[in-house]
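Asker: Read off the chains here:
2 protein chains.
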Amino acid sequence: MASLPAEAPIGVFDSGVGGLTVFREIHRALPGESLIYLGDSARVPYGTKSPQTVVRYSLEAANHLMQRGIKMLVVACNTATAAALPTLQETLPIPVIGVVEPGARAAIAKTRGRVGVIATEGTVKSHAYRKAIHTLDPNVEVLECAAPLFVPLAEEGWANTHVAREVAEVYLEPLIDAGVDTLVLGCTHYPILRGTIEKVVGDSMAIVDSAETTAAWVKSIVGDSARGEAEHHFLVTDAEERFRKIAAEFLSRDIESLELVSL
Amino acid sequence: MASLPAEAPIGVFDSGVGGLTVFREIHRALPGESLIYLGDSARVPYGTKSPQTVVRYSLEAANHLMQRGIKMLVVACNTATAAALPTLQETLPIPVIGVVEPGARAAIAKTRGRVGVIATEGTVKSHAYRKAIHTLDPNVEVLECAAPLFVPLAEEGWANTHVAREVAEVYLEPLIDAGVDTLVLGCTHYPILRGTIEKVVGDSMAIVDSAETTAAWVKSIVGDSARGEAEHHFLVTDAEERFRKIAAEFLSRDIESLELVSL
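Protein chains in written order, with our numbering: chain B, 1 to 263; chain W, 1 to 263.
Hints may be right or wrong, so weigh each one.
Where chains are identical, the list cannot tell them apart; a pair therefore holds if satisfied intra-copy or between any two copies.
Pairs of lysine to aspartate or glutamate residues, derived as EDC-like cross-links and limited to a Cα-Cα distance of at most 20 Å, are as follows [claimed, not checked]: (1) LYS125 / GLU240; (2) LYS125 / GLU156; (3) LYS245 / GLU121; (4) LYS199 / ASP177; (5) LYS125 / GLU241; (6) LYS131 / GLU229; (7) LYS245 / GLU259; (8) LYS245 / GLU173; (9) LYS219 / GLU141; (10) LYS131 / GLU121; (11) LYS110 / GLU240.
Hints are computed from structural coordinates only; laboratory data are not their basis. Just so it is clear, the structure is predicted and the values come from calculations on it, not from any experiment.
Taking the hints into account, I'd like the entire structure generated from these sequences.
Answerer: Quick look at the structure:
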């Protein structure tokens, strides 16, 4: 494992814009750290693609960020974490963390025994959350449900509409009926619909947003080590104006340094 | 232009499953023709990607189909037609047809003067339909609207739900209010939502599904020339089981010959 130059940036990687929810929390927890965000917008979404393809895309993204001198990689995409985290950890000479284990730890801390996970088709099929939760506590019951329409609803700005509410009811009612007490938002897009999701589940469930717990974990690894001026740089593989627009909504500010790259 | 061996297959290319609506109509019009369908499921959707990226992906798909000995290429994706048709026509030594011009011709034949087009963001931004319609008749008014959520609703099997109906109302009300008399389904996914769309627009608009008119155009080029046993072969770039399931719903039959390829 290489040493971590304190001024080097932390790399944050996602298939598109969803990882910006993680980026936002890392910035909040570590305002002095420089961050480079890479969104693979030319190949988004990852959630419907095969694990083999997601591993290949993730390695290409990680290698690009390594060339930019990152000291640590955060895989801010549940699908990529579920499919590619072990490969990335074996391949890269820097710390690599994903979003599944922090989410699983937070769920264990909150649950009274029955956890629901909503995620993409790819993440659900991998059973990444069930495995991570059962590693920590095999007695917790885990129900995993795909909620694929949440991604386009978030990306298209429909998060707070009546349509989103109705879709949320269809996805969440089986979990409510099953008596789930803690709900993991197992896709980095989903925190954008958190308000709508909370309206549907009411007080019946505690919500786990892995962005916050991932940021806390990042902080525990890098410490408060940053010394220089913090810089934020954004890379996308396609459609930069679309990214700029959506990112401004996610982050509640305009992004300045945006670059189109080819992986 | 090379001659067309009668037994050679026709290639049909789309970013994913939407082009199956065109495939179905070509098969209906020309039951004796062999067809090869290529769905670029590793990089779907194209509708939110830049024209440059869509051109590159389309050329890779077309080159792969050329190696399979196709006698003609049908670009069964509006976004790819809008971005890449001229490049494909210049590059390939076989006839290449898209779905925009057939749709524009059908709209001209039906309209009393005001045409609405619903399509992906990429197709709307290209103004491909407006240009194609105005080439035929500059006096027709053309209103183009993006309807991006229709694609995931179709792909996820929500076409006939109350949610789809509500989304359709949001997208179509401006066109109803504007007095559109003819509506072009400018994305090959949208015919799957035709029933829902018809419920919303009622008798106020004639619907143009470019799959049917494209098939008629293909027939006019190849004639009734096929002699051998017609074969259907499907190629995808990722997630073949997902494709198999959705294709069975689209085509109302199981598909037998499915192959995973890398472009």
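Asker: Now tell me, hint by hint, if it's right for this structure.
Answerer: For each hint, the structure was consulted:
{"no.": "1", "hint": "LYS125 / GLU240", "result": "between (31 Å within a copy, 15 Å between copies)"}
{"no.": "2", "hint": "LYS125 / GLU156", "result": "between (25 Å within a copy, 16 Å between copies)"}
{"no.": "3", "hint": "LYS245 / GLU121", "result": "between (27 Å within a copy, 14 Å between copies)"}
{"no.": "4", "hint": "LYS199 / ASP177", "result": "within (16 Å within a copy, 33 Å between copies)"}
{"no.": "5", "hint": "LYS125 / GLU241", "result": "between (33 Å within a copy, 13 Å between copies)"}
{"no.": "6", "hint": "LYS131 / GLU229", "result": "neither (40 Å within a copy, 50 Å between copies)"}
{"no.": "7", "hint": "LYS245 / GLU259", "result": "within (14 Å within a copy, 38 Å between copies)"}
{"no.": "8", "hint": "LYS245 / GLU173", "result": "neither (33 Å within a copy, 25 Å between copies)"}
{"no.": "9", "hint": "LYS219 / GLU141", "result": "neither (30 Å within a copy, 57 Å between copies)"}
{"no.": "10", "hint": "LYS131 / GLU121", "result": "within (16 Å within a copy, 39 Å between copies)"}
{"no.": "11", "hint": "LYS110 / GLU240", "result": "neither (39 Å within a copy, 38 Å between copies)"}
Hints 6, 8, 9, 11 from the list above are not met by this structure, while the remaining hints are.
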